[in-house]
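Top line first, the protein sequences correspond to chains A and B. Numbered per my numbering, the first sequence spans residues 1 to 343. Numbered per my numbering, the second sequence spans residues 1001 to 1531.
It should be emphasised that the hints constitute simulated quantities derived from the structure, not laboratory data. Glycine included, each C-beta is placed from N, C-alpha and C at the ideal position. Each statement offered as a hint is correct.
Just some of the chain B residues that point at chain A, by a computed CB distance under 7 Å: (1) Ala-1345; (2) Ser-1346; (3) Ile-1351; (4) Gln-1370; (5) Met-1371; (6) Pro-1380; (7) Gly-1386.
Below, a list of computed lysine to any residue pairs in the SDA-like style, where the Cα atoms sit at most 25 Å apart: (8) B/Lys-1063 - A/Leu-335; (9) B/Lys-1063 - B/Pro-1417; (10) B/Lys-1063 - B/Arg-1085; (11) B/Lys-1063 - B/Leu-1245; (12) A/Lys-54 - A/Gly-324; (13) B/Lys-1337 - B/Thr-1291; (14) B/Lys-1337 - A/Arg-234; (15) B/Lys-1337 - B/Gln-1438; (16) B/Lys-1063 - A/Thr-334.
Covered stretches of chain A (in silico footprint by chain B; criterion: 3 or more residues with CB under 8 Å from a CB of chain B, positions within the stretch not fixed): (17) 201-210; (18) 213-224; (19) 227-236.
Residue strings, one per chain:
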Amino acid sequence: MSRPMDAARQEHTDVTDAAQPAAPGRAAAIRHFGSRYAVLGVWALLIVVYAIAKPGVFLTTSSFESIFNGQYALVFMAMALLCTIIVGEFVDLSVPAVFGFAATILPVLVVNHHWGVWPAAVVAVAGALACGVVNGLLVVVAGVNTIVVTLGMGTLLTGIALWMSNLNTIVLPPSGFSNIAIFPIGGLYVSFYYGAALALAFAYVLGFTPLGRHMRFVGASREVSRLSGVRVNRIRFGSFVAASALSGVGAVVTVAALGSYNATTSDSYLLPVFASVFLGTAVIQPGQFNPIGTWIGIYFLATGISGLEDLGLQTWVSDVFYGGVLVIAVTIATLLHRRSSSA
Amino acid sequence: MVAGVTIPRADGRGMTQHRLEVAHLSKTFGSARVLRDVHLSVPSGELHGLVGQNGCGKSTLVKILTGVYTPDPGGSIAVDGRRLRTPVPPADQREAGVSVVHQHLGLVDDRTVWENVRLGHYRARGPFRTINRRAEQEAVAEVLARLDRTVNVNQLAGTLSAEDRATIAIARAIQDHRPGGGLIIFDESTRALGKSARSRFFELVRSLIASGASVLLISHQLEEIVEATDRVTVLRDGEVVGAGLETRDVDEAALTRLMLGRHLVTHGRVDSHARDQVAASVRGLSAGQVTGLDLDVRCGEIVGLTGLMGSGFEDVAETVGGARRADRGELTVGGRKISLRGRRASTEEFIRAGVGYLPERRLAEGLAEQMSVAENLTLPRVRSRGRRLRTGRAWQAEETAAMIAKLDIKPPDPSAPVGTLSGGNQQKVVLGKWLAGQPSLLVLREPTQAVDVGARHDIINAIRETARAGCGVLIASIDAADLAVLCDRVLVFRDGTVTGELTGDLGQDDIIHATFGVPSDRSDQIPEEKR
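Full structure from sequences and hints, please.
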């Protein structure tokens, strides 16, 4: 390229660059930090407020344990939902039903059909996996709308689970099986660490592996991905299967922890799962669905509800809190996305 | 001149009343001033051009005129002598008769003509506020009659020809205009038209101007501006550097110099880098209108594919690039044979064989806007160059830095979301995405589409360098200027058949003549057996 051309283009570029947003200064850095960690700040504020309001109730070991030991089911289901959302399948409504289906198979096989608990656990996970395969075939291969397929599949599976359990809570006989979920390590159940490891592993896959890069591109644009050599349908199909597998494994951990399962409770997970995943878009990577943000969102929500219950509010407060957070989180995510798009 | 298109010049000179008068208009975003003291005068009955590089402020100006942005204090906008409030309220804009036809015409394909034209103008009637379909259709027919065009108002917009689509977009724009009044802003609207439709489009524009309307034409096609407009205003870096220049007194080079601020180094042809070795060969390709095409591209050779829109040259590029399946055919590249019939769940097989495909629509097919420059550039190779459990950073940084330097991508920030780059720089990223893989065959569709002259310069140079390195290049384009400076030979398609093969020292006019069927002594008829 000739020098005059270079000079002319440089002149143009200088001005064009000037038209870009100003280089991140102190204020921009604070804004950036704030958008990433505001939820953590609110979380800390919640803890302070609850601690002042109910010092002898909230700031106790039992309160701490109930918050951090009780969210394993949500963590697995939220990560399952993320699998499909990341690849642009908006949204897999069947996650809680697949979870409930697997969580029902396990005790039904053990109690009603006298299976060993481990073979029953394997069948439960395989059953969940099969649901993912069906979802994937219908959505990816047959091209049916995701919401219709997963809503229908969710209702179908919940119905089958209710039929299998005859609407009863099925209780496992006492055994060492529960140790896979509630074995204590450092004061917390081992299932807490499963969730933490799952979130970290998922974040690693998305951030540092070719599979994760492909998943994010498929979520961003299927056609761009297809024309760049990404096997789009394989990734979409795989995300449905992975989501169901995670739901199945989460179900086994949950049944091991609770020692029982009641299929009528499956639907109650839907709102918390969505609220956590969307709240996660306001943490760490603003405007983006991300596993660590989701994981933090789950414990943020658990803290909020636990504190409100300690303040004497009834159980309805969880619906109000989850629903409210879902709406607020989606609004924040939309605003952050709009801001990042126009930056 | 625009390929084979005779653009009638509007005879609007000598009229002094200003339809649009913009004065002292500035716009600042944060610390960046993107428009500085802009003045623009468009008299009644004038076709006025507005040109400038990407990012010079053209779009900002249009958005101020249409009320999207609020200008800085101190500026004024007046239509027919009446000053408009700012930001311009939609009702005032409508009252003043200012309307815009956007780049993609803004039509809803699965709605009818009358629904598209009347969108936003429906008159609800009766106690149930219903739409009177018959009245709406009559209103549309009346507007079409003013344009002297006949289009079935009940036909779906998606089934219309390019010409009719443009007509509908114009009809929508002028429906509120008073006879003899109004200002229509065409914001890169001719991009959506094929060359043949463009001629009809300008006939329509001329008839509007003859009726007293004014037109502000924004276009990257300098030939079109010089050929069609009465006067032209040039923006550079947010400032007017050429105000209302008579186009009879300027040519494309002068306009380009004003846009760039320096003399443009014009592209001359360079010696061919074609070698004897074949880089890629296509056998028996049948796709769309094309049947049984055989084509060899040698290493270092740049082969152009052109013709009228829909003549089949696009089908060849899309199927050879792997974007869609052909009815029949086989591609051999890098020693691998690929069936062009196979299902195209992804282009992985083509990429492995060494094919790079630059699609026509960069934002829909080439780039994911919210992902970074580096992520977009390296996407086709994250599997082959990365390990299963770790993508690896070093090779990505190396590839990205090399492409940013080679193509002069601005800003040179690998982590910048691609959506924040200008159109020209986005196009460079799409090209770099494939160049970084050192392909054996590069298939390009409209590689300089909607980019400024500086970006075009960089893109042309990069393509030449790639060919010099031994890559075979196929360019499918309707841009005769690009083909003339880049190609060693050009295949001209008509109705799915290669009707001419131009070789040697190609000229833009030779390609245009061959495309539109005008006899030319440079258009060599090719042997029957090659067709």
